[in-house]
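> Chains as they are written, first to last, in the working numbering: chain A, 1 to 265; chain B, 1001 to 1268.
Be aware that a few hints might be false.
Said to hold, decoys possible - According to the in silico footprint, chain B covers these stretches of chain A (three or more CB under 8 angstroms from chain B):
| hint | stretch |
| --- | --- |
| 1 | 22-30 |
| 2 | 46-55 |
| 3 | 177-190 |
| 4 | 195-205 |
Bear in mind the hints are in silico, worked out from the structure with no lab data behind them.
For every residue, glycine included, the Cβ atom is placed at its ideal position computed from N, Cα and C.
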Amino acid sequence: MKRYTPFAAAGLQGLLQYRSTFLISAVTATTAVGVQVFLWRAVYAGRDSGLLGGYDLPTLTTYVLLAQILGLVQANRVDEEVSGEVQRGDIAVSLLRPVSYPAARFAAGLPVSLANATLVAVPVLALYAFLLPLTAPTWTGVLLFACSAALSLVIGFGVNLLVGLAGFVTTNIWGVRVVKDSVVAFFAGQVVPLALMPGPLAAVAHALPFQGMIDGPLRLLLGRYDGLLGAAGILAAQLGWALALTALAAVAWRAAVRRVEVLGG
Amino acid sequence: MTPLATAARYARLTWHLSAVSVHRLTEYRMDFLLGAGGLLLRVICQIAVIDMVFRQVPRIAGWHYHEVLFLLGFSLLPRGLDRMFTDQLWILARKLVQNGEFFRYLIRPVHPLFSLLSERFLYPDGVGELLTGAALTWYAAEHLDLSLSAAQWLLAPLLVLCGTLILAALKTLFASLAFWTTSSFPALYAANQLGDFSGYPLDLYHPSLRWLLTWLLPYAFTAYVPASYLLHGHTAMLPWLFVVTAGLVMLALVVWHRGVDRYEMTGS
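If we strip away everything but chain A, and leave its shape as in the complex, we get (with noise of 0.2 angstroms):
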């Protein structure tokens, strides 16, 4: 374990190099909330029930909001980090030394996400919280929505490793990570609900894991769930993606690093 504490150093000084980074992640979180927030106030304006796939207008507000500062805690920049360093040649380095390179990596990340959450999330849910009315959890929820919250950390690590090391197969990193931008938002529901998708879309995104990382953390905060086995049965489906995808990032790093050929020099 403290052999890894220096990364975690590193990836933190790393991070507040580029200071600016917080502000767009903070104007990025903003605006998503607010056109969300505005769409889905207008959908309550023209009807007569109150409440939508369940949510009435509070907590749909703070569903949207917390989404998007879940979705910034878990952009870790893992996926940045290990395709630049696959693209560059420095994974060759890595490689030499006695750790564990997917650990490290993690070790690298978790700072990245506890300064988002502290410097970035914490004034956008102030500036929101202020703004509009917003549902305030139970302390039940708060506590399942820790643990249920670090789990959704380890499968965005396990997501974002596995997209790095796409890097080993194709050079054009940036698009593939657009294209899982955006489909793994929109299944984790981070943009929408799962309880607000139509049955056949809803149903994909309960089979897919990416559903861990936003849409289970908040439904426990938030109490959309079906007594304590229904909670259960949420933190077992994320801590079964979890350890999924554990395991498939530590089969494709193997079979990654078989493949690696690095110019001498």
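Go by the hints and put chain B onto chain A.
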């Protein structure tokens, strides 16, 4: 040289350099597919959200489903055109002043701005955005049984052009700030991000946000105003569209020139 001859020369250069970029596209076909496909997916996600909205209500803020799609499609036309021709400005904002490489564009026998932009025309993402926008606009117009008057047909391309100029001018303006601050990437990014609001009817938003998007960062004129005119025949804001376009382009050019005058070589 007369202004006409100058314009002809730049048109010829643009044509020639675009042809070079097409060569590049055919060379890197996977890049093109990923770039264009990525934007297509983004638009599909946006349409999916609009679909979900209209499963719940027949209209939002007075707009029907296909009208919202028309607006979204139309907003992609100037965006795509702008992206095809001016994405080099991102590089200026990010690093050209910082690493001192900007001088390269000053020693060529064309206007420095053209020299910068022409380094890469026809960005594949822009091509994808333009085609997606055109298809979506067409699809929505078919379903709306939209019949445009002769004046609307004549004005439509001009409105797209003005929208493109507004976007390009905003981008030039924020990228030029780099001449003072060495890197203006966050400012440019933030300004560009707010443009995401323009893909939906502005009637949805709080009046203060609407005001901001009309008069401060005039994204309203790139999609909402022209689409309201083509769909509903609203003409009240149209004169302003031309005033804002002209004013913004001039402002951007003045700031650009001031910035270039300030630029100093790194000396190495």
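> Kindly indicate which numbered hints from before are broken by the structure, ordering the numbers from low to high.
No hint contradicted; all consistent.
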